[in-house]
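**Student:** For reference, the chains in residue letters:
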Amino acid sequence: MCQACDSFLDRLFAKGVLHATGVDGLYGRGQAFEAVIEGMDRLITRFSAGDRAEVIRFPPGMNRGLFEKSGYMKNFPQLAGTVHSFAGSEKDHLALLDNIHNGGDWTGGQEATDIVLTPAACYPLYPIVARRGPLAAEGGLFDIQSYCFRREPSKDPARMQMFRMREFVRIGAPEQAASFRESWLERARDFAEALELPHHIDVANDPFFGRAGRMMASSQREQALKFELLVPIESAENPTACQSFNYHQDHFGALWDIKTATGETAHTACVGFGMERLALALFKHHGIDADGWPNSVRSALSL
Amino acid sequence: MFDTIRRLVDEQGRLSVAAATIGDDADLYATGLTSFAAVQLMLALEETFDVEFPDRMLNRRSFSSIAAIANCLQEIKAEEAA
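Chains A and B, in that order, are what the protein sequence lines are.
Just so we're aligned, residue 1 is where the first sequence starts under my numbering, counting upward by one.
Just so we're aligned, residue 1001 is where the second sequence starts under my numbering, counting upward by one.
Hints are computed from structural coordinates only; laboratory data are not their basis.
Among these hints, one or two may not hold up.
[Unchecked claim] Among the chain A residues that face chain B by a calculated CB cut under 10 Å, a handful are:
no.: 1; residue: Asn75
no.: 2; residue: Arg159
no.: 3; residue: Gln220
no.: 4; residue: Arg298
no.: 5; residue: Ser299
no.: 6; residue: Ser302
For each residue, glycine too, the CB sits at the ideal point set by N, CA and C.
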């Protein structure tokens, strides 16, 4: 095998860091990969140790009704994934098996369930917070994680369709949300330096859909509502966003009617860690064999 | 043109005040125009004036005031006439 001409993804497969499934962006994770993910989880926890965030972990699916209310389909219909299931008769079942056997379309009769795939770790959080009633004076801080789905198949290993996102979400007065994001923009540099990753932080926008989306994206950039920590993985010209720092203003607060202790609409901000992307950045810059990484990096990850 | 823009701002903008009470140069975002309402306003303007905003105008600034909207519409009409 020619190591020089294989892609990064091919080399990850060859070493069992990732395992191919036949679908671009959908991979099994090997032992070395998971050890790095766990190490990174520990490092992130250490970076946030003094914050006393409330820990919540989500499954990869969320309530479809709440997803509909979230407005995700207004902005990102091209990325969403829904869960459908068989709900027919025995006769329908026979027709379904017949279609599978003959290579026909067997999915047309599947019915939408009340579950959709979670598009971002914080989406299931807001309705939970809203249900609790007004926030305390100090607001809320949450440490969440979920597998997320985005329909964007790619040969770039850093663009997976299913991946883990860990997030800290701050909910409170405008200045609480804004200062939370500022503090994480500073911490992020220390975090990337602890992992000895080349990086820079830049203003960014979400991949909003269509012409209306172009306006949303431009507006997001003009107001500097989103920043990303970028690390070159597949290309130096187009580095990969491994962390994002988002200030939603009162968007989610108004949508879910979350109130501060003084009765104002809450503002929200979040910092998201793309766990797989950060792990891939480490494998890219320190080598496919994690045993050979610099001791300082291994120690930061408590490997 | 300004009256029609004001009517659409009232219908789509969800401002805290009536468009008739604000000046041509007043900042619509400061009176409650959200990014999403600006998109709705943009689509309503396109339908009403039978135009399509070019990509370079699909930004926050183009819809920041009644006058800014009128300038964009006049620029598009002038390009169509040329």
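**Student:** Now, for every hint given, state plainly whether the structure supports it.
**Tutor:** Here is how each hint holds up against the structure:
1. Asn75: Given a least distance of 9 Å, the restraint on A:Asn75 holds.
2. Arg159: violated (25 Å)
3. Gln220: holds (7 Å)
4. Arg298: This hint is violated: A:Arg298 lies away from chain B, its Cβ roughly 44 Å from the closest one there, beyond 10 Å.
5. Ser299: violated (44 Å)
6. Ser302: violated (42 Å)
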